[in-house]
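Colleague: Chains as they are written, first to last, in the numbering used here: chain A, -17 to 85; chain B, -3 to 263.
Because the hints were derived from the structure by calculation, they are not lab data. Note that CB positions come from ideal geometry on N, CA and C, so glycine has one too. Heads up, a few of these hints could be off.
Lysine-lysine pairs mimicking DSSO-like chemistry, simulated, CA-CA at most 27 Å apart [unchecked claim]:
{"no.": "1", "chain 1": "A", "residue 1": "Lys36", "chain 2": "A", "residue 2": "Lys14"}
{"no.": "2", "chain 1": "B", "residue 1": "Lys116", "chain 2": "A", "residue 2": "Lys14"}
{"no.": "3", "chain 1": "B", "residue 1": "Lys124", "chain 2": "A", "residue 2": "Lys14"}
FRET-style restraints, in silico, Cβ to Cβ [claimed, not checked]:
{"no.": "4", "chain 1": "B", "residue 1": "Arg184", "chain 2": "A", "residue 2": "Gly11", "range": "51 to 59 Å"}
{"no.": "5", "chain 1": "B", "residue 1": "Leu26", "chain 2": "A", "residue 2": "Arg(-10)", "range": "19 to 27 Å"}
{"no.": "6", "chain 1": "B", "residue 1": "Met168", "chain 2": "A", "residue 2": "Asp64", "range": "56 to 64 Å"}
{"no.": "7", "chain 1": "B", "residue 1": "Pro148", "chain 2": "A", "residue 2": "Glu76", "range": "26 to 34 Å"}
{"no.": "8", "chain 1": "A", "residue 1": "Arg(-10)", "chain 2": "B", "residue 2": "Asp223", "range": "51 to 59 Å"}
{"no.": "9", "chain 1": "B", "residue 1": "Ser212", "chain 2": "A", "residue 2": "Lys74", "range": "41 to 49 Å"}
{"no.": "10", "chain 1": "A", "residue 1": "Asp64", "chain 2": "B", "residue 2": "Lys140", "range": "15 to 23 Å"}
{"no.": "11", "chain 1": "B", "residue 1": "Glu232", "chain 2": "A", "residue 2": "Gln12", "range": "29 to 37 Å"}
{"no.": "12", "chain 1": "B", "residue 1": "Ser165", "chain 2": "A", "residue 2": "Asp64", "range": "54 to 62 Å"}
{"no.": "13", "chain 1": "B", "residue 1": "Glu27", "chain 2": "A", "residue 2": "Glu37", "range": "50 to 58 Å"}
{"no.": "14", "chain 1": "A", "residue 1": "Thr79", "chain 2": "B", "residue 2": "Ser165", "range": "31 to 39 Å"}
{"no.": "15", "chain 1": "A", "residue 1": "Thr65", "chain 2": "B", "residue 2": "Glu232", "range": "46 to 54 Å"}
{"no.": "16", "chain 1": "A", "residue 1": "Ile21", "chain 2": "B", "residue 2": "Gly166", "range": "31 to 39 Å"}
To give a feel for the contact side, a few chain A residues facing chain B, derived at Cβ under 7 Å [claimed, not checked]:
{"no.": "17", "residue": "Gly(-15)"}
{"no.": "18", "residue": "Arg(-12)"}
{"no.": "19", "residue": "Ala(-8)"}
{"no.": "20", "residue": "Ser5"}
{"no.": "21", "residue": "Ile21"}
{"no.": "22", "residue": "Asn50"}
{"no.": "23", "residue": "Phe55"}
{"no.": "24", "residue": "Ser69"}
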Amino acid sequence: MAGPMRIRAAAADGITEVRVLMSHPMETGQRKDGSGNVIPAHYITELVAKHNDKEVLKVEMGPSVSTNPYLSFKFKGGASGDTIEVSWKDNKGESRTDSVQIR
Amino acid sequence: MKKGIATAALTAAIAGGVTGALADDTAAALEQYRQMIQDSNPAELNEMAGEELWVTPRGPKNATLEQCDLGLGPGVVEGAYAQMPRYFEDTGRVQDLESRLMTCMETLQGIPSEEIINGKFRQGERGKVADLVAYVVGQSRGAKIQVDLDHPKVKEMFELGKQAFWYRSGPMDFACATCHATDGERIRMQDLPNLTKHEGAAAAWGSWPAYRVSNSQFWTMQHRLNDCYRQQRTAEPIYGSDITIALSVYMAGMANGGTMNAPAAKR
């Protein structure tokens, strides 16, 4: 149901920068539709990023994050060809995992 | 101390008012903001969706768009948008990307153009066209804008587009030129490109389609043109009609030599 994440990872001088653009409505649960009905809350609650199976980042998100979240972070280490895997879970129990190789 | 800050703010405001343009530091801050939003552009999600649509069998004929000819041969997407709008032999018309995609969707997939023309922006098949636009335009990133203005049909559309650009209509007697024919114009916080000059046209044509942060929506050029007419409170053009193609030919023609850098992100 959720679209693919766009992940970019590049390593330079011993530091890898990862940029992730996620596809998610991130509904706060506070909005109403045209008929006055509350649009149910639907947002990513947690995200985990791994470098070659080792967890390098864990994020807790909530309704304050806007639609199609963009996340950028750096970590020490990583080399060209290594795998970066990003997974998220949302409040409805849906999840998504995508991975790329570091450039 | 407070007096000093108030004076400085007042001076900046007056300076802004006197020159008719935003104070330099405000303009610089806006430009920095514009650079920042390019990095996290949600239009990339539309590009990815469009790329998938291109190779997915759809419609009554259950076919993909991989045989669609955008001017450089069937299935050739890379660099194709930079040479559009162009004349197409098979339809005998000058077409922009959206009208050409409608042609391909109808001939190859059996999806009727009428459905898209009678539809709404960002919904149904027209919504799918937007994703395809994002994909195709993305494949011309960095390419030089080269619309063939020597072709008689294209030249004809260029002249029609220029006429349409200056044509005043509606209750406020606006034309495109009312906002887009002078340097340094601004509407509230939005700088308006001068589309009658190469620099303005290249900046504009090279950065559409775009994701608009202000309303969290991805808009194609057809959408942008339609909304311009709506903002003028005059008749909105039919989707993919000749007038919209002509205006695109005019803008792209004026932009010739510039560089494509779309889909972009805008305020």
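Colleague: Take the hints in turn and mark each one as holding or not.
Modeller: Here is what the structure says about each hint:
no. : hint                                : verdict
1   : Lys36(A) - Lys14(A)                 : violated, 41 Å
2   : Lys116(B) - Lys14(A)                : holds, 22 Å
3   : Lys124(B) - Lys14(A)                : holds, 26 Å
4   : Arg184(B) - Gly11(A): 51 to 59 Å    : violated, 32 Å
5   : Leu26(B) - Arg(-10)(A): 19 to 27 Å  : holds, 26 Å
6   : Met168(B) - Asp64(A): 56 to 64 Å    : holds, 59 Å
7   : Pro148(B) - Glu76(A): 26 to 34 Å    : violated, 55 Å
8   : Arg(-10)(A) - Asp223(B): 51 to 59 Å : violated, 32 Å
9   : Ser212(B) - Lys74(A): 41 to 49 Å    : violated, 21 Å
10  : Asp64(A) - Lys140(B): 15 to 23 Å    : violated, 36 Å
11  : Glu232(B) - Gln12(A): 29 to 37 Å    : holds, 33 Å
12  : Ser165(B) - Asp64(A): 54 to 62 Å    : holds, 59 Å
13  : Glu27(B) - Glu37(A): 50 to 58 Å     : violated, 38 Å
14  : Thr79(A) - Ser165(B): 31 to 39 Å    : violated, 53 Å
15  : Thr65(A) - Glu232(B): 46 to 54 Å    : holds, 49 Å
16  : Ile21(A) - Gly166(B): 31 to 39 Å    : holds, 36 Å
17  : Gly(-15)                            : holds, 6 Å
18  : Arg(-12)                            : holds, 5 Å
19  : Ala(-8)                             : violated, 13 Å
20  : Ser5                                : holds, 5 Å
21  : Ile21                               : violated, 14 Å
22  : Asn50                               : holds, 4 Å
23  : Phe55                               : violated, 13 Å
24  : Ser69                               : violated, 18 Å
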